[in-house]
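Starting from the known structure of chain A, fit chain B onto it as the hints suggest.
In the order they appear, the protein sequences are chains A and B.
Mapping to this note's numbering: the first sequence position 100 is 213, numbers consecutive.
Mapping to this note's numbering: the second sequence position 134 is 252, numbers consecutive.
No lab work stands behind these hints: they were computed from the structure.
Check the hints yourself; a few may be wrong.
[Claimed, not checked] With a Cα cut of at most 20 Å, we get these calculated SDA-like pairs of lysine to any residue: (1) Lys193/A / Lys254/B; (2) Lys231/B / Gln225/A; (3) Lys235/A / Leu208/B; (4) Lys235/A / Lys231/B; (5) Lys159/A / Gln225/A; (6) Lys254/B / Pro248/A; (7) Lys235/A / Leu185/A; (8) Lys192/B / Pro150/B; (9) Lys192/B / Leu208/B; (10) Lys197/A / Leu240/B; (11) Lys254/B / Lys235/A; (12) Lys235/A / Thr179/A.
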Amino acid sequence: MHSRSTQRGQILIIVLGAILLGGAVMAAGVFGTGRSLDDLDKAVKKDIADDTRRDAARKVIDQWSTDVKAFLKESGNRQKTVMKLMRRHDATRPELEAIVAEQELAGAAIDQRAIEHRFALKEQLSREEWANIFPARN
Amino acid sequence: MNTIGDDVKRTAVAFIVIACSLVLARCAKPKPTPEELIGGPILEMRNAIENDISEPGRQGQMLAIVDELDGVLKDHATDLEAVSRDLSRLNVDYDVPREAFDGVVSGFALRAKARRQRILDLHFQMTGLTSPEEWKPISKHEVEALGAAGSYLTN
Chain A
114 MHSRSTQRGQ ILIIVLGAIL LGGAVMAAGV FGTGRSLDDL DKAVKKDIAD DTRRDAARKV
174 IDQWSTDVKA FLKESGNRQK TVMKLMRRHD ATRPELEAIV AEQELAGAAI DQRAIEHRFA
234 LKEQLSREEW ANIFPARN
Chain B
119 MNTIGDDVKR TAVAFIVIAC SLVLARCAKP KPTPEELIGG PILEMRNAIE NDISEPGRQG
179 QMLAIVDELD GVLKDHATDL EAVSRDLSRL NVDYDVPREA FDGVVSGFAL RAKARRQRIL
239 DLHFQMTGLT SPEEWKPISK HEVEALGAAG SYLTN
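Here chain B stands alone, though its shape is the one from the complex:
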């Protein structure tokens, strides 16, 4: 019988495989956009909802939540890319004061914290709208989507 622990292990392995594939793929072609990375798991979430939740009302609510989650994750990936550029630009400057780094890092931390809270809001809205059985396939892809948003800078 599959346990959540087994699923988590498989998902973790899948993340690593995806990330390594991205590393290899990046050697040969342009960097994928946040839309490309996050789009796959988000589409899988939508498919799972459409397949497993037949009531139109609940299905519509869930799909609207996934749309919002998609937006939050893409915002995060885009912000992370911008922060990476800012840190890189500051770092090359030999005379840059420490406060400049602190400003970039603390600004990102605040924005990321707000996004995490919103992600938790959306996550618990989804668990509130689903049964444990319905939640199982959806949550698998939710975790993958979160991983994709965080993997944007993996190169």
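Here chain A stands alone, though its shape is the one from the complex:
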């Protein structure tokens, strides 16, 4: 598991380039909850009493974190390239479009992975546990 501050920092960095770099779920954090995966892990640890389901749920979150970390690493590199190209007066549109298209694919893939992880997590939680961890917002 990554530290909260590290993960928070990673999310901060990637959303800075979200307009050009894609990834809707990624850009919205953990499904628009405003919480990090580490917060989610802490809630699961606290709210799920059953050892087997709790371990399985934490495993899902851990894989989710691993996927996010890999995405952020690659996206960070692409973001730097995009910034350099935009600063360069002689950069060409195909140069920029190639990297933006690459990131759109990566953004779509991480969105799908996040949705898969959300449903895998739900499989391990009861309705009541889910409501405790993801309370309705006004």
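Chain B only, in chain A's frame:
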């Protein structure tokens, strides 16, 4: 001598500082609007154009492009906020089908793709209207404006 690489590093650091400031500021006061976040760098772009491009025709064309860029970025920030709300609402529903998430995400992806293409159109219109020297200060603030639009949900 400053290289673009140095500028990019400085800009990246500036983004992180701005984002962290926003995080801290948000603890104490209401969430800034997209207009507030994007407005600063857009104003800097306008200032750079007015300072560095003296020909009225080209200056007017550039300012009109920046106005359009401003609108696209604000649309993006507003859309991102709406998508975040939609995802949050879906997520709390234990019985929501996967297709509901797919619909929100794919809809946003399509709209964002169209906005990215428009941003690239505007970007290359601007490079076509400027010399390399004129472009340098303008591009610094363009990159900052793009960062501000993407940072709206950073909290």
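Outcome of the hint check:
| no. | hint | in the structure |
| --- | --- | --- |
| 1 | Lys193/A / Lys254/B | holds, 17 Å |
| 2 | Lys231/B / Gln225/A | holds, 17 Å |
| 3 | Lys235/A / Leu208/B | holds, 13 Å |
| 4 | Lys235/A / Lys231/B | violated, 30 Å |
| 5 | Lys159/A / Gln225/A | violated, 27 Å |
| 6 | Lys254/B / Pro248/A | violated, 48 Å |
| 7 | Lys235/A / Leu185/A | violated, 24 Å |
| 8 | Lys192/B / Pro150/B | holds, 12 Å |
| 9 | Lys192/B / Leu208/B | violated, 24 Å |
| 10 | Lys197/A / Leu240/B | holds, 17 Å |
| 11 | Lys254/B / Lys235/A | violated, 50 Å |
| 12 | Lys235/A / Thr179/A | holds, 19 Å |
Comparing the model with each earlier hint shows violations of hints 4, 5, 6, 7, 9, 11; every other hint is respected.
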